[in-house]
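Undergrad: Spelled out from the first residue to the last, the chains are:
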Amino acid sequence: MNENSRAGGYNFAYLDEHTKRMIRRAILKAIAIPGYQVPFGSREMPLPYGWGTGGIQVTAAVIGPADVLKVIDQGSDDTTNAVNIRRFFVRTTGVRVTGRASDATIIQTRHRIPETPLREGQIIVYQVPIPEMLRWLEPREAETRKMHALSEYGAMHVKLYEDIARYGHIATTYDYPVIVNEHYLMRPSPIPKFDNPKLHMNPALQLFGAGREKRIYAVPPYTAVRSLDFEDHPFEIQRWQHACELCGAADSFLDEVIIDNEGARMFVCSDSDYCTQRRDAHRRAVA
Amino acid sequence: MHAPLLEVQGLTHRYGTRAACNNISFSLYSGEVLAVVGESGSGKTTLLRCLSGQLRPDAGCVMFETRNAGAVDVWGMSEATRRMLARTDWGFVHQNPRDGLRLDVSAGANIGERLMAIGARHYGNIRGEARAWMSKVELDVQRMDESPAAFSGGMQQRVQIARNLVSRPRLVFMDEPTAGLDVSVQARLLDLLRGLACDLGLSAIIVTHDLAVARLLAHRTLVMHDGCVVEEGLTDQVLDDPQQAYTQLLVSSALPA
Amino acid sequence: MYVAVKGGEQAILNSWRLLAEQRRGDAGIPEITLTQIREQLGLAVDRVMAEGSLYDPELAALAIKQAQGDMVEAVFLLRAYRTTLPRLAASLPIDTSAMSLQRRISATFKDVPGGQVLGATYDYTQRLLDFELSNGAPVAPAPAAANALPAAADIATLMNAEGLLAEESPPADDAEPPDLTRDPLTYPAGRALQLQNLARGDEGFLLALGYATQRGYGHTHPFAGEIRQGAVIVEVVPEELGFAIEIGEITVSECQMINQFAGSATEPPQFTRGYGLAFGASERKAMAMALVDRSLRAGELGEAVTSPSQMQEFVLSHSDNVEASGFVQHLKLPHYVDFQSELELLRKLRARHFAGAGTDGAAT
Numbered sequence: 001m002n003e004n005s006r007a008g009g010y011n012f013a014y015l016d017e018h019t020k021r022m023i024r025r026a027i028l029k030a031i032a033i034p035g036y037q038v039p040f041g042s043r044e045m046p047l048p049y050g051w052g053t054g055g056i057q058v059t060a061a062v063i064g065p066a067d068v069l070k071v072i073d074q075g076s077d078d079t080t081n082a083v084n085i086r087r088f089f090v091r092t093t094g095v096r097v098t099g100r101a102s103d104a105t106i107i108q109t110r111h112r113i114p115e116t117p118l119r120e121g122q123i124i125v126y127q128v129p130i131p132e133m134l135r136w137l138e139p140r141e142a143e144t145r146k147m148h149a150l151s152e153y154g155a156m157h158v159k160l161y162e163d164i165a166r167y168g169h170i171a172t173t174y175d176y177p178v179i180v181n182e183h184y185l186m187r188p189s190p191i192p193k194f195d196n197p198k199l200h201m202n203p204a205l206q207l208f209g210a211g212r213e214k215r216i217y218a219v220p221p222y223t224a225v226r227s228l229d230f231e232d233h234p235f236e237i238q239r240w241q242h243a244c245e246l247c248g249a250a251d252s253f254l255d256e257v258i259i260d261n262e263g264a265r266m267f268v269c270s271d272s273d274y275c276t277q278r279r280d281a282h283r284r285a286v287a
Numbered sequence: 288m289h290a291p292l293l294e295v296q297g298l299t300h301r302y303g304t305r306a307a308c309n310n311i312s313f314s315l316y317s318g319e320v321l322a323v324v325g326e327s328g329s330g331k332t333t334l335l336r337c338l339s340g341q342l343r344p345d346a347g348c349v350m351f352e353t354r355n356a357g358a359v360d361v362w363g364m365s366e367a368t369r370r371m372l373a374r375t376d377w378g379f380v381h382q383n384p385r386d387g388l389r390l391d392v393s394a395g396a397n398i399g400e401r402l403m404a405i406g407a408r409h410y411g412n413i414r415g416e417a418r419a420w421m422s423k424v425e426l427d428v429q430r431m432d433e434s435p436a437a438f439s440g441g442m443q444q445r446v447q448i449a450r451n452l453v454s455r456p457r458l459v460f461m462d463e464p465t466a467g468l469d470v471s472v473q474a475r476l477l478d479l480l481r482g483l484a485c486d487l488g489l490s491a492i493i494v495t496h497d498l499a500v501a502r503l504l505a506h507r508t509l510v511m512h513d514g515c516v517v518e519e520g521l522t523d524q525v526l527d528d529p530q531q532a533y534t535q536l537l538v539s540s541a542l543p544a
Numbered sequence: 545m546y547v548a549v550k551g552g553e554q555a556i557l558n559s560w561r562l563l564a565e566q567r568r569g570d571a572g573i574p575e576i577t578l579t580q581i582r583e584q585l586g587l588a589v590d591r592v593m594a595e596g597s598l599y600d601p602e603l604a605a606l607a608i609k610q611a612q613g614d615m616v617e618a619v620f621l622l623r624a625y626r627t628t629l630p631r632l633a634a635s636l637p638i639d640t641s642a643m644s645l646q647r648r649i650s651a652t653f654k655d656v657p658g659g660q661v662l663g664a665t666y667d668y669t670q671r672l673l674d675f676e677l678s679n680g681a682p683v684a685p686a687p688a689a690a691n692a693l694p695a696a697a698d699i700a701t702l703m704n705a706e707g708l709l710a711e712e713s714p715p716a717d718d719a720e721p722p723d724l725t726r727d728p729l730t731y732p733a734g735r736a737l738q739l740q741n742l743a744r745g746d747e748g749f750l751l752a753l754g755y756a757t758q759r760g761y762g763h764t765h766p767f768a769g770e771i772r773q774g775a776v777i778v779e780v781v782p783e784e785l786g787f788a789i790e791i792g793e794i795t796v797s798e799c800q801m802i803n804q805f806a807g808s809a810t811e812p813p814q815f816t817r818g819y820g821l822a823f824g825a826s827e828r829k830a831m832a833m834a835l836v837d838r839s840l841r842a843g844e845l846g847e848a849v850t851s852p853s854q855m856q857e858f859v860l861s862h863s864d865n866v867e868a869s870g871f872v873q874h875l876k877l878p879h880y881v882d883f884q885s886e887l888e889l890l891r892k893l894r895a896r897h898f899a900g901a902g903t904d905g906a907a908t
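Residue numbers (our numbering), protein chains in the order written: chain Z, 1 to 287; chain C, 288 to 544; chain Y, 545 to 908.
Some hints could be false.
[What the hints assert, rightly or not] Below 16 Å or equal to it, Euclidean Cα-Cα: the simulated EDC-like pairs (lysine to aspartate or glutamate) are:
1. Z:Lys146 x C:Glu366
2. Y:Lys892 x Z:Glu236
3. Z:Lys159 x Z:Glu138
4. Z:Lys159 x C:Asp391
5. Z:Lys159 x C:Asp432
6. Z:Lys20 x Y:Asp727
7. Y:Lys609 x Y:Glu565
Because the hints were derived from the structure by calculation, they are not lab data.
All chains, please: the whole structure from these sequences, using the hints.
TA: Structure representation (structure tokens):
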């Protein structure tokens, strides 16, 4: 690796090798027990808690000099937090970075899964603020661990029942609960439920890091991930009446943007890489 | 003769040096309603908590006749099994309905929770069951989407009862289920409980300080005093012809609740 | 035209430069030095060391300078540096009864062996703004006697002899204390882990909780048995030597809070203890910590747990200001996606509401 491009005084990817080994052990355990939250000795990172310290530690533990890194926040490579995390890794590893999902070997993300399907060999690292799905039902950690151990998930359905009774449909729109490998209830991090189907049988390795809460969990490649629902109220994803006004995509998650003081709106892809590539392809076709 | 549904042997629980339950033994057969009566402080609530898997006794065993594995000691089984029993084959009706209900979700969701806990995944069916139980406990089904927080005490207690019975428990524990209600509300609730016990062939253990509750609901009655069982027998016998001095005192209403 | 949030990279670089300029302030005024901070803002340095869990006045001064005096930010800087440091050895427990005392007071006995030593304290300064200080008046030398006080047995030990104070012997399996900075906090946490967490905890948080216990939320009937502050020796046993060697001296503040206890079925009535310890002259922190430590022992002592200060998960999970500050402020990060999802839902619900549809559709 080119040592010159890296910040002096720090190990490759910031963390010392002992810490990386500790995190890798936690990751291996997480992969062996899909959806189970493995406690790990989360370090105090030079970025604030709640800003991706879990994801950063996971990425730091698995990244090597030959990796190509993509970092997104809300689907975009250009939001300040994504830029900041990407700079951190460039500074501490000197690895190549990319905006293209298909070129990346590691994708660190906050709140989205790329629209471009992932492939075998890729790793997607999710930043997780609160890993415990049962937290709002039961604040005590000692008790929620027991509920997971015994698969006591009835209360989770009570919440969905209540939604239907009140609104006629399940009113959870993001951070939507899933069952991994028909066993553990898992919080997919605050991705929109639009992205939940992408979790299921994904060829890539999916790792989840919660730094402040000191937990790592994983969905290994080709693992079943089922969104909770009722037989007569099946899980549904969001649909838009619009297509992306930049690239015309009708199958992507759209951000609503206010474009003038009169409150006019436009809808555009939240995944900036996907949108750019579609526009490039269109331009090439026209030319 | 079938094996007893619940068989308690030598159950003892101490708080410090004081025995709240001292070497208690009895059996409960399927379809039977047993009342445990005594003054407050006699150890009856401690006994109920030991029987229902909430408080580990210091000595003795509580054998429950499980569906698949015969009689198993409640305190010898894994916590997983015990918690599973507690939300399927057992019911527990708290004195204060707020201890046994989720006040932030609707009455319907409260009643349906156990069904969901054991795997029911059809919203319409769950709702149908909840509705049926609303009417079985004589609540207005139109109010099933309201929070029980908006209900009166007596109505909350009915929701709690329905929430427990929906899983068809083989044994129901009740801790002073009518205490804290107005007398007229008490009478109607007792009437309902008697009807349910009769119709469903409930097996139940009811802790109460109120002998009228025992008389109305229980086939057999067990009298506790200072952590010990002082008298046990058919309810009518115990209440009409008490043999022990303490029971005689209790029946003559000379004792405070 | 849609420009969204391109240019994040340039914005961050600009922000760094703005921050550096703001930190320096008016360039016509001499720049503050680390020595000045260490010598003249010593209590700030102490607090940053205590909550940063790193005893290094020089680095703490640097953190304070870099953070423009924002204490929580300075603690964060120090912590993030600390985490990269190798663990060379674990020190032996410090012996506070051998402390070279700068201050020592007891509120429970009028006089105690070794005496009451007021030392340097703001307690009796009358809090009048000293306008002479604004012009940098010279300071008269302090009387010299306060130095070299003899080591004094702590009051807890003296009370122990009579059996009035509950014994606090190490647990039977007196294992190595866990390291909160290396291993995740797990519940229920033992006393060692609890004290470790409180020692790094935010002073304001502990102060508020401790104050709440005095006002009835988890009351513990406390008396300040002893507060001492001074220098203690730090020793390690290098593996290759096999005996203890002195590696330095640190200043700490210690508080032994003595609390009433009615006794239980197995225990006679006696006093119990809450314990507080912090780096530097951090007396307020040590006292608040001792109150909260005792309050958190409610479960262990068979007292009813009714207030937040008695709930271990509540206190230990929220005491860390670096964690708290990060998570509160992460709300500044974009949440477009979640918000978009909620926006869609809200529109749907409102459409239904104005269309007059009830929830009957939901019913079977």
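Undergrad: Next step is simple, just say for each hint if it's right about the structure.
TA: Cross-check of the supplied hints:
1. Z:Lys146 x C:Glu366: holds (10 Å)
2. Y:Lys892 x Z:Glu236: holds (14 Å)
3. Z:Lys159 x Z:Glu138: holds (13 Å)
4. Z:Lys159 x C:Asp391: This hinted pair holds, its Cα atoms lying about 10 Å apart.
5. Z:Lys159 x C:Asp432: At roughly 13 Å apart (the allowed maximum being 16 Å), Asp432 of chain C and Lys159 of chain Z satisfy the hint.
6. Z:Lys20 x Y:Asp727: holds (14 Å)
7. Y:Lys609 x Y:Glu565: holds (13 Å)
Hint violations for this structure: none, all hints satisfied.
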